[in-house]
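Chemist: Sequence:
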Amino acid sequence: MTIRLDYTVPQNKNTSIPNPPGYLPPTSAKQLSKTAQPDSDALIKQNRKSTELKLRRAWDLALAPAKSLPMQAIMLYFSGSGIQIFSLGMIFMLLTGPITAVFNIFKAFESLRPTLSTTTTLSGTKKASDLQNAEPSYGPLAMPMIAYIACQGLVLALGLWKCSTMGILPTGSGDWLHFETRLDPPEWSSTRLLSLG
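10 is the number of the first residue of the sequence shown in my numbering; add one for each residue after it.
Heads up, some of the hints might be wrong.
Below, in silico cross-link-like pairs of lysine to any residue (SDA-like), each with a Cα-Cα straight-line distance of 25 Å or less [as the list claims (entries may be wrong)]:
1) Lys63 with Pro27
2) Lys76 with Ala166
3) Lys76 with Leu165
4) Lys58 with Met152
5) Lys63 with Met154
Across the chosen pairs, the derived CB separations fall in these ranges [what the hints assert, rightly or not]:
6) Trp185 with Pro145: 47 to 57 Å
7) Leu78 with Thr190: 55 to 65 Å
8) Leu192 with Gly89: 33 to 43 Å
9) Tyr147 with Arg57: 10 to 20 Å
10) Ile12 with Leu62: 29 to 39 Å
11) Glu119 with Gly98: 24 to 34 Å
12) Gly106 with Thr190: 15 to 25 Å
13) Arg65 with Ile26: 58 to 68 Å
14) Trp170 with Ser204: 42 to 52 Å
15) Thr174 with Thr200: 19 to 29 Å
16) Phe188 with Ser90: 22 to 32 Å
17) Leu186 with Glu61: 55 to 65 Å
It is worth saying that the hints were derived from the structure and are not from the lab. Nothing here was measured: the structure is a model prediction, and the numbers come from that model. Backbone N, C-alpha and C define an ideal beta-carbon position, used for all residues, glycine too.
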């Protein structure tokens, strides 16, 4: 005796069993082509929402280094003012991190570029095809990028301040004595002249 299981969907719509939640009945190619045509108003709204979300995320990314400053300052305080491997490693991270972040700013903001379409039809409304084919731009991200550079500058300033408090930076006149030239004395005494011979 063989048992045969039938897994096909019954074509009879009068079944007493309802479809499970989330089930979508199969659609034909004609129905898919009808729903695939996007409405220009819906695309404009979707584009606007996407742009607002990307700008919000860009501002979060731009202000992230400033938000981490208090924690970094506390860690620098607890690392001490002596020259140890831990404090030097932290200073190295604080000095090189902002520089590499500023050089890679376009890579950091690349996924957040909003798509803006400036082409309009003669009636003044934007075409759906123009909205779909618009190229992402860095233009709206100018202010978040400037804020990102400023926040990275604050992190760099914190690292330089720590270097200064540890005495690593050559800021005093005693640090440059090797490069100073000695001037001839303005006058000589006769006793000194006799001692020099």
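Chemist: Now tell me, hint by hint, if it's right for this structure.
Modeler: Comparing the hints with the structure gives:
no.: 1; hint: Lys63 with Pro27; result: violated (41 Å)
no.: 2; hint: Lys76 with Ala166; result: holds (15 Å)
no.: 3; hint: Lys76 with Leu165; result: holds (14 Å)
no.: 4; hint: Lys58 with Met152; result: holds (19 Å)
no.: 5; hint: Lys63 with Met154; result: holds (13 Å)
no.: 6; hint: Trp185 with Pro145: 47 to 57 Å; result: holds (50 Å)
no.: 7; hint: Leu78 with Thr190: 55 to 65 Å; result: violated (42 Å)
no.: 8; hint: Leu192 with Gly89: 33 to 43 Å; result: holds (41 Å)
no.: 9; hint: Tyr147 with Arg57: 10 to 20 Å; result: holds (18 Å)
no.: 10; hint: Ile12 with Leu62: 29 to 39 Å; result: violated (54 Å)
no.: 11; hint: Glu119 with Gly98: 24 to 34 Å; result: holds (30 Å)
no.: 12; hint: Gly106 with Thr190: 15 to 25 Å; result: violated (39 Å)
no.: 13; hint: Arg65 with Ile26: 58 to 68 Å; result: violated (45 Å)
no.: 14; hint: Trp170 with Ser204: 42 to 52 Å; result: holds (49 Å)
no.: 15; hint: Thr174 with Thr200: 19 to 29 Å; result: violated (47 Å)
no.: 16; hint: Phe188 with Ser90: 22 to 32 Å; result: holds (26 Å)
no.: 17; hint: Leu186 with Glu61: 55 to 65 Å; result: holds (59 Å)
Taken one by one, the earlier hints fail for this structure at numbers 1, 7, 10, 12, 13, 15, listed in ascending order.
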